[in-house]
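Q: All chains should be modelled from the sequences, with the hints used to inform the complete structure.
Chain order of the listed sequences is A and B.
With the working numbering, letter number 153 in the first sequence gets 1502, and the count goes up by one each step, no holes.
With the working numbering, letter number 50 in the second sequence gets 1399, and the count goes up by one each step, no holes.
You may find that some hints are simply not true.
Which copy is meant is left open, so a pair is good if it fits within one copy or across any two.
SDA-like, lysine to any residue: derived pairs with alpha carbons at most 20 Å apart [claimed, not checked]:
1. Lys1371 <-> Gly1457
2. Lys1371 <-> Ser1353
3. Lys1371 <-> Asp1438
4. Lys1371 <-> Ala1441
5. Lys1371 <-> Ala1406
6. Lys1371 <-> Ser1485
7. Lys1371 <-> Ala1539
8. Lys1371 <-> Gly1512
9. Lys1371 <-> Thr1494
10. Lys1371 <-> Ser1445
11. Lys1371 <-> His1383
12. Lys1371 <-> Asp1356
13. Lys1371 <-> Ala1505
14. Lys1371 <-> Gly1450
15. Lys1371 <-> Val1416
16. Lys1371 <-> Arg1444
17. Lys1371 <-> Asp1498
18. Lys1371 <-> Thr1360
19. Lys1371 <-> Ser1492
20. Lys1371 <-> Ala1437
21. Lys1371 <-> Ile1536
22. Lys1371 <-> Leu1540
23. Lys1371 <-> Gln1382
24. Lys1371 <-> Phe1493
25. Lys1371 <-> Leu1442
These are calculated hints, taken from the structure and not from any lab test.
2 protein chains.
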Amino acid sequence: MSESALDAVITALRRLPGVGVKSAQRMAFHLLQHDRDGAEQLSVALQRALSAIRNCARCQTFTEDEVCRTCLDPARDASLLCVVESPADQAALERSGGYRGLYFVLMGRLSPLDGMGARDIGLQQLLARAAEPAVSEVILATSFTAEGDITAHVIADTLRSRGIRSTRLARGVPVGSELEHVDAGTIAHALHDRR
Amino acid sequence: MSESALDAVITALRRLPGVGVKSAQRMAFHLLQHDRDGAEQLSVALQRALSAIRNCARCQTFTEDEVCRTCLDPARDASLLCVVESPADQAALERSGGYRGLYFVLMGRLSPLDGMGARDIGLQQLLARAAEPAVSEVILATSFTAEGDITAHVIADTLRSRGIRSTRLARGVPVGSELEHVDAGTIAHALHDRR
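A: In structure tokens, the structure reads:
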């Protein structure tokens, strides 16, 4: 059995989130025995992304330019600034078709256990961005998880101390749900926020 | 949001076994935002493995040489040839400390649904290897799954037609198990093969 080159692949694969040693072994075996084209494709794609992808100077999302296309789009409503955790969350909002404003992407969330603090989510940059005269409303669209809620809370407090008001996405019953299958916390929030 | 370079990474990650689109997005985000060293390490390790790793000319396992160290080891018992599915299975047998013979690694198993046939597992090479005068026993150590059993069955039949006998690893109750937690099929086999 080869050691160094194979073990190096397994070690590198284990750095992927959610990949343990057994998964890494299976992935390495698959790539090197059954999908060498895939291994080449992954290696090249990573190199290309490392040199091409950076963070947008205005909103922090992934981009291959100085400023991303969304931030540069004159058709977007510059009075709305929506704060999300990740490019994936941003994409989910775009798919909803219900938002035409701009974004600020935290590229993470506050998580002391993972070492993610105010600096890591770009809180200062967000404050500067939210204080621009064009912005009339900041919408906090972090996840409705413990860490996402805390992140939204800290951002809302900090903005308020600068006299900037923010709103939060509504909590409630997901469209298409039957009530009996919705968890109690969601129903409690939907009751409290009834309109 | 960047499209091409980021999407290329996500597409490449989806070729890994067990990785769907959500996992691939999470992995790409992690690598490009929080672990660029890890992305570089993975890319380089894959390139190195692609150029360094090949299949042993004698046993088919991964090696960086023409013939692997195990096949070249004069201390191994050349009269025993153990047939396993993968380098990981070979490593498991090595860890057991109970085997000092040589190996033939199928690098897969018969699986018509996945397009794995006799040629893909190197059945002809195995026949030639098992027919060498030094080999007195072929031990079939494929998995005790449906596909592993069928693979062992086909190999045993083919070897028998050439007058070569083979044995199969014993089925039975795993060491350290309490009987009440062992599945019925295993107990039935352990009863049948009692000694």
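Q: Look at each hint and say if it fits the structure.
A: Hint-by-hint comparison with the structure:
Proximity of lysine 1371 and glycine 1457 under a CA criterion of 20 Å is satisfied inter-copy only: 16 Å between copies versus 28 Å inside one chain copy. Taking the shortest alpha-carbon separations for lysine 1371 and serine 1353, only the intra-copy value of 17 Å comes in at or below 20 Å, while the best inter-copy value is 31 Å. Proximity of lysine 1371 and aspartate 1438 under a CA criterion of 20 Å is satisfied inter-copy only: 12 Å between copies versus 30 Å inside one chain copy. Proximity of lysine 1371 and alanine 1441 under a CA criterion of 20 Å is satisfied inter-copy only: 12 Å between copies versus 32 Å inside one chain copy.
With identical chains, the CA atoms of lysine 1371 and alanine 1406 are never at most 20 Å apart, being 39 Å at best within one copy and 26 Å at best between copies. Taking the closest pair of Cα atoms, lysine 1371 and serine 1485 never come within 20 Å of each other, the shortest separation being 51 Å inside a single copy and 33 Å across copies. In this assembly of identical chains, the alpha carbons of lysine 1371 and alanine 1539 never lie at most 20 Å apart, being 43 Å within a copy and 28 Å across copies at closest. In this assembly of identical chains, lysine 1371 and glycine 1512 lie within 20 Å of each other by CA distance neither inside one copy nor across copies; the values are 52 Å within and 38 Å between.
Taking CA atoms no more than 20 Å apart as the test, lysine 1371 paired with threonine 1494 passes between copies only; the shortest distance there is 18 Å, against 30 Å inside one copy. Only between protomers do lysine 1371 and serine 1445 lie at most 20 Å apart by alpha-carbon distance; the minimum there is 17 Å, versus 38 Å within a single protomer. For a Cα distance limit of 20 Å, the shortest separation of lysine 1371 from histidine 1383 inside one copy, 17 Å, qualifies, whereas the shortest one across copies, 23 Å, does not. Taking the shortest alpha-carbon separations for lysine 1371 and aspartate 1356, only the intra-copy value of 12 Å comes in at or below 20 Å, while the best inter-copy value is 27 Å.
For a Cα distance limit of 20 Å, the shortest separation of lysine 1371 from alanine 1505 qualifies neither inside one copy, at 43 Å, nor across copies, at 29 Å. Taking identical chains as interchangeable, the C-alpha atoms of lysine 1371 and glycine 1450 are never at most 20 Å apart, the minima being 44 Å within one chain and 25 Å between chains. When the C-alpha separation of lysine 1371 and valine 1416 is checked against a cutoff of 20 Å, the pair qualifies neither within a copy, at 40 Å, nor between copies, at 26 Å. Only between protomers do lysine 1371 and arginine 1444 lie at most 20 Å apart by alpha-carbon distance; the minimum there is 15 Å, versus 36 Å within a single protomer.
In this assembly of identical chains, lysine 1371 and aspartate 1498 lie within 20 Å of each other by CA distance neither inside one copy nor across copies; the values are 34 Å within and 22 Å between. Taking CA atoms no more than 20 Å apart as the test, lysine 1371 paired with threonine 1360 passes inside one copy only; the shortest distance there is 11 Å, against 22 Å between copies. For a Cα distance limit of 20 Å, the shortest separation of lysine 1371 from serine 1492 across copies, 16 Å, qualifies, whereas the shortest one inside one copy, 31 Å, does not. For a Cα distance limit of 20 Å, the shortest separation of lysine 1371 from alanine 1437 across copies, 9 Å, qualifies, whereas the shortest one inside one copy, 28 Å, does not.
For the identical chains of this complex, lysine 1371 and isoleucine 1536 are neighbours neither inside a copy (40 Å) nor across copies (27 Å), given an alpha-carbon limit of 20 Å. Taking the shortest alpha-carbon separations for lysine 1371 and leucine 1540, neither the intra-copy value of 46 Å nor the inter-copy value of 31 Å comes in at or below 20 Å. In this assembly of identical chains, the alpha carbons of lysine 1371 and glutamine 1382 lie at most 20 Å apart only when taken from the same copy (16 Å versus 25 Å across copies). In this homomeric assembly, lysine 1371 and phenylalanine 1493 come within 20 Å of each other (Cα to Cα) only across copies, at 18 Å, whereas the closest approach inside a single copy is 32 Å.
Taking identical chains as interchangeable, the C-alpha atoms of lysine 1371 and leucine 1442 lie at most 20 Å apart only when they sit on different chains, with a minimum of 16 Å there against 35 Å within one chain.
Of the numbered hints given earlier, the model fails hints 5, 6, 7, 8, 13, 14, 15, 17, 21, 22; all others are met.
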